[in-house]
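**Q** Start from chain A and add chain B according to the hints.
There are 2 protein chains.
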Amino acid sequence: MTEDFEFERSEGNVSIIPLGGLGEFGLNMMVYETENDIIVIDTGFMLPNADMPGVDLILPDIHYLVERQEKIRGILLTHGHEDHIGALFYVLRQLDVPVYGTQLTLAIASGRLREYNVLSKAQLNTIAPGDTVELGDFSAEFLHVTHSIPDTVAIALRTPVGVIVHTGDFKFDMTPVDGKLSDIQTLARLGTEGVLLLVSDSTNAERPGQTPSERSIYGTVDTIFQKAEQKLFLCTFSSSLHRIQQFIDLAGIHRRLVAVTGRSLLNNIRTATELGYLNVNPDYLIDARDASMFKPHELVILSTGSQGEPRSALSLMALDNHPFLKMEQGDTVVISARIIPGNEKAIGNVVNHLLRRGAKIYHERNADVHVSGHGSSEDLKLMLNLLQPKFFMPMHGEYQNLMRHAELAESVGIASDNIKVAEDGELILLTPETCEVFGREGRSGRVFVDGKPEFELEDIVLRDRIQLSEDGIVVPIVVLHSDTGEGEQESAANSQEESRQQLEGESTENDAQISIHLTQSQGKVKKQIEIISRGFVYMDKSEELIEEAKEITRSVIESLSDEQKEEIEAVQDEIRAALRRFFSKQMQRTPLIFPVVMRV
Amino acid sequence: MTEDFEFERSEGNVSIIPLGGLGEFGLNMMVYETENDIIVIDTGFMLPNADMPGVDLILPDIHYLVERQEKIRGILLTHGHEDHIGALFYVLRQLDVPVYGTQLTLAIASGRLREYNVLSKAQLNTIAPGDTVELGDFSAEFLHVTHSIPDTVAIALRTPVGVIVHTGDFKFDMTPVDGKLSDIQTLARLGTEGVLLLVSDSTNAERPGQTPSERSIYGTVDTIFQKAEQKLFLCTFSSSLHRIQQFIDLAGIHRRLVAVTGRSLLNNIRTATELGYLNVNPDYLIDARDASMFKPHELVILSTGSQGEPRSALSLMALDNHPFLKMEQGDTVVISARIIPGNEKAIGNVVNHLLRRGAKIYHERNADVHVSGHGSSEDLKLMLNLLQPKFFMPMHGEYQNLMRHAELAESVGIASDNIKVAEDGELILLTPETCEVFGREGRSGRVFVDGKPEFELEDIVLRDRIQLSEDGIVVPIVVLHSDTGEGEQESAANSQEESRQQLEGESTENDAQISIHLTQSQGKVKKQIEIISRGFVYMDKSEELIEEAKEITRSVIESLSDEQKEEIEAVQDEIRAALRRFFSKQMQRTPLIFPVVMRV
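Chains A and B, in that order, give the protein sequences. The end of the first sequence is residue 608 by the numbering used here, with every number in the run present. The end of the second sequence is residue 608 by the numbering used here, with every number in the run present.
Chain A extracted, bound-state conformation (with noise of 0.2 Å):
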């Protein structure tokens, strides 16, 4: 029995608790616990939206791991998608367990791993899809499933209470372009057999029918080859190998050379070539460098930058200015990628640009050049099918997409109280005949990271920040004499000036600083209130709104008595709340307003 939650853990019960994903696209990790064991499967983490300002990645909070180490017997991966394997160099940090994933996952995997400096001690397990690994009280079988990325599993796991089966990321491509199919006899067999528990992909449940096999977008791809008269530049996801896979393939039928432009994608090229995902004849790559030494139609450029990511090749392409590359008049553009979103407006700003450079552009939107990985609702019915779980719970996807995969699955008969919709944190109670949902208790959480993941951002930094982008910072500076706590008032008139002179000489920076000159006259020092701000108002222009602030502020402190200018916070509070009524009611603003009273 743990302390956090209320019920007998025995033999009779598995505990599911979702430490991401269930309520949000990306941040995948699942934690399955007996009385004795817990294996975790999908470590991922989540980029983060317009509104978590100078966040670069958000992991899994892992507490509720870290407090049970002892206890985990493996950290189980589906694919090599950084929203199911991101957070893996995190979690390995903070705990030492063995990892089993296939032999693509962990390589790339490998990657962020080296980088972080925590590959050494990874105890990485390579499986295949087929393999069944035992771990304490858990048997995990791994079934090969389609997907964009090849080498992807769901997962049968044999429990004491009976099979759970949590699909990873799936559809079911009946044409791969690999040939490999998703393991549907064997999911036919264990629903025969009988599967207490199916936990599977929300992702696309909104969208109608059945997703289009991946080979679908060679025919489209194979005609703007034979229309592009120019450079052809062709952009997805460096983890998009089927993609990538046609692309070369086309690019040898058409007789253009490949050149392949940002890391991640020539990374991943590189690994699946030399693992055999990828079949790529070397002859027909150049270095992007040598680019210029080819003519235009004799060449495809691979790239990445689907999202109007600012500092990707397409994008500095599109602006005129990438190093090597050049986007000309008659050049041919594809974005082979699902417009995701939040970023329409980034991607909307690239294409403008790219427009304008006289370049013809191929997107979803006006061509079928891109189709998804995950299964759409026929796919995902045909799941609930083959397995007929007796109960089923929906992961990966907003509160929106688990409640319509809710639905599909009481469209194919699955009871509706036998449907549990959870969220992250929840813990989900599994018995041979009760599938319960009991409440969050913080066992979830996110971790917000800027710059190295070793400076975790609070959420009150980022509160800050997203403070200070509304309406930017003021910090009034008040200088009190120490020994009264009282100075003599003091005629502004000089130093006001000497202010002026020195702004002209900074203005090109706005800098927006009035330098402050402390005037000792007749060898007393005194009192003098200067204002600096950012992001608030444009300082050269706003000379009369900072002199009244630096007024108020000097008759908030004349308004104090001695006693009261003792206490430094109370003196910025009383100042913190006159100029935000006077910056409301005169602008409508609120900026941050952070008082610094000294003693000198």
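Be careful, since some hints might not be right.
Identical chains share a label here; the pair holds if one copy fits it or two copies do between them.
As the list claims (entries may be wrong) - Below are the DSS-like pairs computed for lysine-lysine, each with C-alpha atoms no more than 30 Å apart in a straight line: (1) LYS428 - LYS235; (2) LYS129 - LYS353; (3) LYS549 - LYS334; (4) LYS235 - LYS460; (5) LYS368 - LYS334; (6) LYS460 - LYS389; (7) LYS593 - LYS460; (8) LYS460 - LYS303; (9) LYS389 - LYS353; (10) LYS79 - LYS398; (11) LYS428 - LYS368; (12) LYS573 - LYS558; (13) LYS558 - LYS593; (14) LYS573 - LYS549; (15) LYS303 - LYS389.
Simulated from the structure, these hints should not be mistaken for laboratory data.
**A** Same frame as chain A, now just chain B:
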């Protein structure tokens, strides 16, 4: 001849200057100018993107018009949407010129003019579709077109060089809710007589086919009314009066009372009802505050908030924060509006929360509850074919939309040399034989508004906000001895201890300030270095880092000669550079560093 472009302005030409709306959605404003006269069509605003923190509103820069005030014969409004009239208050503050618009358009525009105290001086002239107004060298004929708001017009301008048709927003709705068709007859007549230039709406140029009739949503919403067991929330834009009419009609048929929430919605319904554009039975309207007095299945609640705006009634209900309306298990929500790109995340959040409360949600991605007010490809081709203009210029849209519209024009036979894709600030010179585009000369621009429109937001302040939001701000404060430019080095041990105590008292506010005590020992003022920050690190947990940063600041100052220390700016630069290197190397973060150097 004017000073900023090099051609002879004579009776033989008309120049056209887009001040907004060519290269973006919104901000629609077009200038038509002859030797003697200027007319302006539309004065729209634009709402900011997520990458413009703290910006409330974007207005077109109108200095081009202010400099030519005496030539302006009128501002012509096509319809009452904010992207066409939302900047009128700002324009009329600076220009004293007559305004022409239909009854409903002027009624809606008046609301904002009143709000900004410019209504009394505004010269508003009501025109009706079919009217012609003489404006100096121009003669403007107003033609009714169908759109999502009633009383919308296109404008046929007779000019010294020929006829220009400026469509405004339109679609060809063959079964409009108010029975008023687009004036196809007059458009056809103009085409027969000869149109020199068509300037046409590109919003939906990328959509194939024809935009369905506004009436097409009626059946879907009727079915939703039939299925709704509890309260029914219908959300749309406050200006979508045809939509609102259908909702009110359906409420009557299904015997539900209508509660309206949201000031803009209430205002527009009142205005449109008074003017006869909306047919509402007052017996069916109740005050939203009384909603709880009625049974849930007897109620329809009309609200705004379709874009996930955080302060809208819908968002408040989603979070159970609405003062008198509650979203409950079994309620139904129809979001009957376009999901505007950039708003997906916000709308998605609201939908997730509504689903958690047990509501059933319909939106344009899962039901036919919305149709656009803008014509798709086939509507645009019909407009082109009715008018058969010699020259064509697309407007209203980002560059990709304009380009797509250009392709459509070519597909119906406009000579590609006669199709001109221009952008804001360019000058289009039109003669009976030619149409040429001249480069941008700073004629156009954007004015950012944060808070009150009196306080325009400078670009540079916006850039500061973005930088502040990325990594926060660090303010090192250095006090130098005034007499010598040198102070005695002092152990910070004591004051550090004090600071720590202070900090603990303040930690709930995360004010992140280390209070400053300048120690006066042996009658001599000594230097002390303090660092404050916001949005950078959580100061309570980063004492070591901050101490190290102070140490670096201290050694920078020590390394400077007395003369160097005389130059406050140079001292600031040195500190800034050293700390920038330190934070970048240590944490890969680049906060804004803003040193304050004082002499005491």
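**Q** Against each hint, give a clear statement of whether it holds in the structure.
**A** Outcome of the hint check:
Only between protomers do LYS428 and LYS235 lie at most 30 Å apart by alpha-carbon distance; the minimum there is 25 Å, versus 50 Å within a single protomer. When the C-alpha separation of LYS129 and LYS353 is checked against a cutoff of 30 Å, the pair qualifies neither within a copy, at 42 Å, nor between copies, at 39 Å. In the homo-oligomer, the alpha carbons of LYS549 and LYS334 never lie at most 30 Å apart, since the shortest distance is 41 Å inside one protomer and 47 Å across protomers. With identical chains, the CA atoms of LYS235 and LYS460 are never at most 30 Å apart, being 45 Å at best within one copy and 53 Å at best between copies.
For a Cα distance limit of 30 Å, the shortest separation of LYS368 from LYS334 inside one copy, 14 Å, qualifies, whereas the shortest one across copies, 50 Å, does not. Taking the closest pair of Cα atoms, LYS460 and LYS389 never come within 30 Å of each other, the shortest separation being 42 Å inside a single copy and 54 Å across copies. In the homo-oligomer, the alpha carbons of LYS593 and LYS460 lie at most 30 Å apart only across protomers (10 Å), although the nearest pairing inside one protomer, at 41 Å, exceeds that limit. For the identical chains of this complex, LYS460 and LYS303 are neighbours neither inside a copy (42 Å) nor across copies (56 Å), given an alpha-carbon limit of 30 Å.
In the homo-oligomer, the alpha carbons of LYS389 and LYS353 lie at most 30 Å apart only across protomers (27 Å), although the nearest pairing inside one protomer, at 34 Å, exceeds that limit. With identical chains, the CA atoms of LYS79 and LYS398 are at most 30 Å apart within one copy only, with a shortest distance of 28 Å there and 78 Å across copies. In the homo-oligomer, the alpha carbons of LYS428 and LYS368 lie at most 30 Å apart only across protomers (18 Å), although the nearest pairing inside one protomer, at 47 Å, exceeds that limit. Within a single copy, LYS573 and LYS558 get their C-alpha atoms as close as 17 Å, and across copies as close as 27 Å, so both meet the 30 Å cut-off.
Taking the closest pair of Cα atoms, LYS558 and LYS593 come within 30 Å of each other only inside a single copy of the chain (16 Å); across copies the shortest separation is 38 Å, beyond that limit. For the homomeric pair LYS573 and LYS549, the shortest alpha-carbon distance between copies (29 Å) is at most 30 Å, but the shortest distance inside one copy (33 Å) is not. For a Cα distance limit of 30 Å, the shortest separation of LYS303 from LYS389 qualifies neither inside one copy, at 50 Å, nor across copies, at 38 Å.
In this structure, the earlier hints numbered 2, 3, 4, 6, 8 and 15 are contradicted, and the remaining ones agree with it.
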